[in-house]
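Could you build all of it, start to finish, from the sequences and the hints given here?
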Amino acid sequence: MRIGVYFCNCGPNISEKIDSAAVREAVAQVEGFGYFRTVDFLCSSTGTEEMEADISAEKPDRVVVAACSVRDHEETFRDVLSRAGINPFLMQMVNIREHIAWVTADPLQATAKAIAQIRAAMKRVVLHESLVRQELDVNTGVLVVGSGPAGLKAALTLAEAGRKVVLVEKEPMIGGMPVRYEEMFPNIECGPCMLEPVMGDLLHGPFAENVEILNLSEVEGVVGYHGNFTATIRKRARRVSADLCIACGMCIEACPAKGPNPYNCGMNEKKAIDFPFRGVLPNLPYIDAAACVRTTKGEDCTACRDACLVEGAVLLDEAEEVVTRDIGAIILATGGALYDCSRLPNLGHGVVPDVLDALEFERMLAASGPTEGVLRTASGKIPERIAIVHCVGSLDHRHMNYCSGVCCEVAFKFNHLIAHKLEGATVTHFYRTICVAGKEEFKLYEEAKSRGTTRFLQYEDLSELSVSGGGEGKGISISSARGGGNALDRYDMVVLCPAIVPSDGTRKMLSLLELASDRFGFAAELHGRMDSAKGNVRGVFLAGTCQAPMDVQKAVNQALAATGLALSGLVPGRKMVVEPVTAEVDAERCSGCRSCILVCPYKAIVFDAEKDAAVINPVLCMGCGTCVAACPSGAIKGIHFTNEEILAEIAEVLA
Amino acid sequence: MTPFEPKIVGFLCNWCSYAGADKAGTAQIAYPPNLRIIRVMCTGRVDPQFVLSAYREGADGVIILACHPGDCHYKEQNYRAIQRHRLLLRLLAPFGIGEARCRLDFVSAAEGETFARVVTGMVEELKTMGPIGLQA
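Protein chains in written order, with the numbering used here: chain A, 429 to 1083; chain B, 7 to 142.
Please note: incorrect hints may appear among the correct ones.
Unchecked claim - If you anchor each label on the Cβ, the simulated ranges turn out as follows:
| no. | chain 1 | residue 1 | chain 2 | residue 2 | range |
| --- | --- | --- | --- | --- | --- |
| 1 | B | Phe-101 | A | Asp-500 | 38 to 48 Å |
| 2 | A | Thr-474 | B | Ala-116 | 30 to 40 Å |
| 3 | A | Glu-1012 | B | Phe-101 | 28 to 38 Å |
| 4 | B | Gln-34 | A | Lys-871 | 44 to 54 Å |
Claimed, not checked - Computed, partial: chain B to chain A, Cβ under 10 Å:
| no. | residue |
| --- | --- |
| 5 | Asp-28 |
| 6 | Arg-62 |
| 7 | His-79 |
| 8 | Leu-98 |
| 9 | Pro-100 |
| 10 | Phe-101 |
For the record, the hints were derived by calculation from the structure and aren't laboratory data. C-beta: ideal position from N, C-alpha, C; glycine also.
Right, here's the structure in full:
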């Protein structure tokens, strides 16, 4: 065994503090010492060329590099070893710059510390093994979960880049929440119109063949790893053929059954076979099993099929299906939801008539909504006085302790739309604080402030407000506990602007992918600032409100960031390198206790009943070594961080 | 008589605390040279036998420096380190090795000052406590 030790002066950075001659003398005593070289700048092109030539000539069995942080140059020196014909893992780096020279005042002490750490590296490196980086073929296709603006834009961009995309959406239509909004802030742009070009391209554009849209579908399982995932998807039956249906609507007229329309928040009814709403894409009806008499009453009704103009377009007996798709990466775009206003019972949502949440009000404003865009109370009255309550559940430690950032915008958009629909109607904003950041966003607030019909009332804590009354022509009163229980005014309608919270779909996918969530239940980004479009599972990227409350612009921007990461991570023709620093089980010593399986964060370990031992999948294993430390039988080897290697280091740093 | 200089072995995870030590270096924040660094990929890898071995080989103190809870590069393995540390403390207490000699702390990649402060604090404390005094 012959160890070559390379000592980098790093110009004066190391040489001013650490005496290389003293180091040389001390390390020469270690068994296996071969030679010692001092180089001025080992990482420079001159330095690496010299090192490569030297290693080629000296042919050491092992190399120790005493220089800077492994985070700076471990790869640099591993490459040098490879080029010189030595396995790159037969090297150990010692960080004598950041960890010693730059932080130790006294040169004698710095030199002594450097000697201890370099000797420890020598004791360790003799135990190193040659390791090989495995290369795997990758699947460059992408699964996009959720078809709101973020999912749509991600899917389309990937398709344009020539990638195969599977777009999974649990609803019968695509477009997410904004297709239900007639107008969007800040420019009072029509939501469906804004999304239409993207949706049209996905459905019929030049790259549409790259996209498979699975509606009424949910991801049920994902196995594998970055580059080679397999997703299991449950497709519920639409019972209407997407290929044959001409969307004439004859079936809808014929259908005898009705049920509450979930796309209008249950504020009106729709037929059991119906479109979710007018203008929906894909432009297809679906049979709602919760309303169809075939499922609810077991009747043999065939009215829709009988009325259908196209043979075979209504598929009454279509069954749900479970399909699998192989993909290389996953973009999560499962969106957000509104905070449940019933958790603030003093605000009367669901109890006091004409208290609506923001989504219900959006639908009332929409021409495709339950009132065809006419604002009216449950008793049919045109409202004259409307209250809008801000921060419902947000900025509140008892509910969601963050600012959703978009609700004030929504409130001022409502203000604008009310003013246009109901001349003379008054709007009162109950607000805690106003947040309208952005280059375009301030104008709706300015407009609201400038209207004589708009009033602002600041509250300190939402719990001080109490909403009561309502019904048959009677006004709703909002009283304030802070004002001694005074009724502040009476209103015909109250609109609550709730916090944005993670959707059920987001929570479900986080748990299914074992993706970290933040303390609010949103998908946790790998790094809050530098990697906010990455989840903490490799190959899973985050887009839109599944990660945080955001507006459409931010959601789409993040979707494009996620798309870029998916594209650059999986390049056609490029193989994926699997790091060899993993763990492996010695089946002979494994007692079968399964402790390792419990601690593994990557599901990389399974129990092989035939071998009667745990088995680690090296592709899934990330090399954290937790299973190694947890194994009571010492049956698991942490490759490149073996017990023997670490114990040798410990003994020598203390020698 | 030369003053007592404690020997401390520090197990640093590759992602947060090793990078935190790098940060102390780039910021040139001086701290006592008593710490000897053993790099592991994750503090979840710190087998209790490493800690026991360090005492056996003459360490006066051991410190495990992990990522802050919630920031683990491997999801949550620093919690395993916390659990094992608690067990270690119970195991070591009958030998007179208290928490001051077997510490677990958190240092992020950005916390160079914290790294230097934690190390300096431990060195100072061990200096006042004196050598570990285990029988070989």
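Numbers of unmet hints, in rising order: 8, 9 and 10
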